[in-house]
Every structure is written in C-alpha cells, then in structure tokens.
Amino acid sequence: MGEDITRKPAHEIVKMGLIHVPEGRKIFKGMTILENLELGSFTLEDEAERKKRLDHVFEIFPVLEERKNRDSAFLSGGEQQMLVIGRGLMASPKLMLMDEPSMGLSPMLVAEIFKIIQRINKEEGVSILLVEQNAHLALSIAEHGYVMENGKIVLDDSVEKLRENEDIKMFYLGLTE
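With positions in the sequence shown counted from 1, the corresponding number in the working numbering is that position plus 681.
Source of the hints: derived by calculation from the structure; they are not laboratory data.
None of these values were measured; they are calculated from a predicted model.
Some hints could be false.
[Stated by the list, open to error] Quick list of in silico lysine to aspartate or glutamate cross-link-like pairs, EDC-like style, CA-CA up to 20 Å:
#: 1; residue 1: 803; residue 2: 719
#: 2; residue 1: 796; residue 2: 740
#: 3; residue 1: 842; residue 2: 805
#: 4; residue 1: 850; residue 2: 837
#: 5; residue 1: 710; residue 2: 726
#: 6; residue 1: 733; residue 2: 719
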C-alpha cells in the first residue's frame with residue numbers, strides 16, 4: 682500500500698512533489714509578489730535553481746514580473762490567481778492540486794487561467810488534480826473525471842464517456858434533449 686503522507690510535515694510533502702493551490706487565492710498580503718513567490722521554493726537550497734524557477738514563473742506570468750516589488754494585496758483577482766499558481770510552480774511539482782481556480786474570476790480571465798493550467802500539464806508534464814464546479818470547463822481540459830456528491834465519488838470515467846452520460850448531461854452540463 683502507498684505511504685500515508687497525512688502525518689508528514691509540509692516541507693516533506695513538498696519535497697515529494699505535491700503542491701496545493703488553494704481556492705480563494707490565498708496570498709500573503711503585506712508581502713510583495715516576489716516574497717510570495719519565494720515562499721514557494723522554501724525547501725530549495727540551490728540559489729541558481731531558485732532563480733531559474735523564478736524566471737520560469739515570470740515567463741509564464743509576465744505581469745507578476747512587472748509588479749514583483751508591489752504588495753500582493755493590490756493585485757486583481759486574476760493576478761492573485763496567477764500568483765498562487767506561480768508560487769506552486771516555484772516548488773517544481775509533479776502533482777498540483779488545484780481547488781476552484783475559476784472562482785470569482787471574469788470569463789475572460791477564467792479562459793486565460795485554464796490555458797495556463799493546460800500548458801503546465803502538457804508542456805511541463807505536471808499532473809493536475811482539478812476541483813472545479815464549472816463542469817463544462819473542467820471537462821474541456823481534463824482527460825479523466827470524477828463526480829462527487831455529498832463528499833463521495835459516485836462516478837468516474839474518461840471525459841469522453843462522462844460527456845455522453847445522460848445524467849451528467851442533464852444534472853451537470855444542463856443539456857436536455
């Protein structure tokens with residue numbers, strides 16, 4: 682059986698390659714964007730690697746580089762979402778647990794964030810476990826889906842099969858014949 686990581690300290694979980702990007706854009710207000718990003722690499726001792734990761738995050742999110750010395754509290758909601766994703770990327774994860782990345786964002790920003798999520802998955806090979814209430818959106822980028830009701834998984838399958846499931850069409854996608 683697999684190792685129980687629930688009793689491990691956070692720094693050991695991060696070293697295993699697991700990162701959580703929480704819902705609600707949990708940033709450290711009163712700290713700069715740069716300081717927030719640096720917290721994502723707290724387990725990393727190699728300064729050259731830390732700089733390389735920071736440059737990579739700034740390449741993905743140029744707006745963060747432009748404002749890196751500003752207090753993170755003054756970022757828009759979309760920019761805060763970019764910051765928490767960037768902070769997660771600083772740890773060079775193998776798996777990112779992303780909780781409601783579209784919450785509270787405009788449709789245009791949601792589309793941009795989801796393109797970035799796809800890029801992280803496809804180009805960087807980071808697996809993404811996405812929790813998202815917008816079923817249309819989640820199914821548009823996922824390969825496999827899980828349906829939860831009252832905290833229990835009631836169905837899981839490939840995205841193609843979930844899209845064809847009549848219950849999914851009616852209850853989660855709002856499609857009727």
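Any hints from earlier that this structure breaks? Give me their numbers in increasing order, please.
Structure breaks hints 1, 3 and 5.
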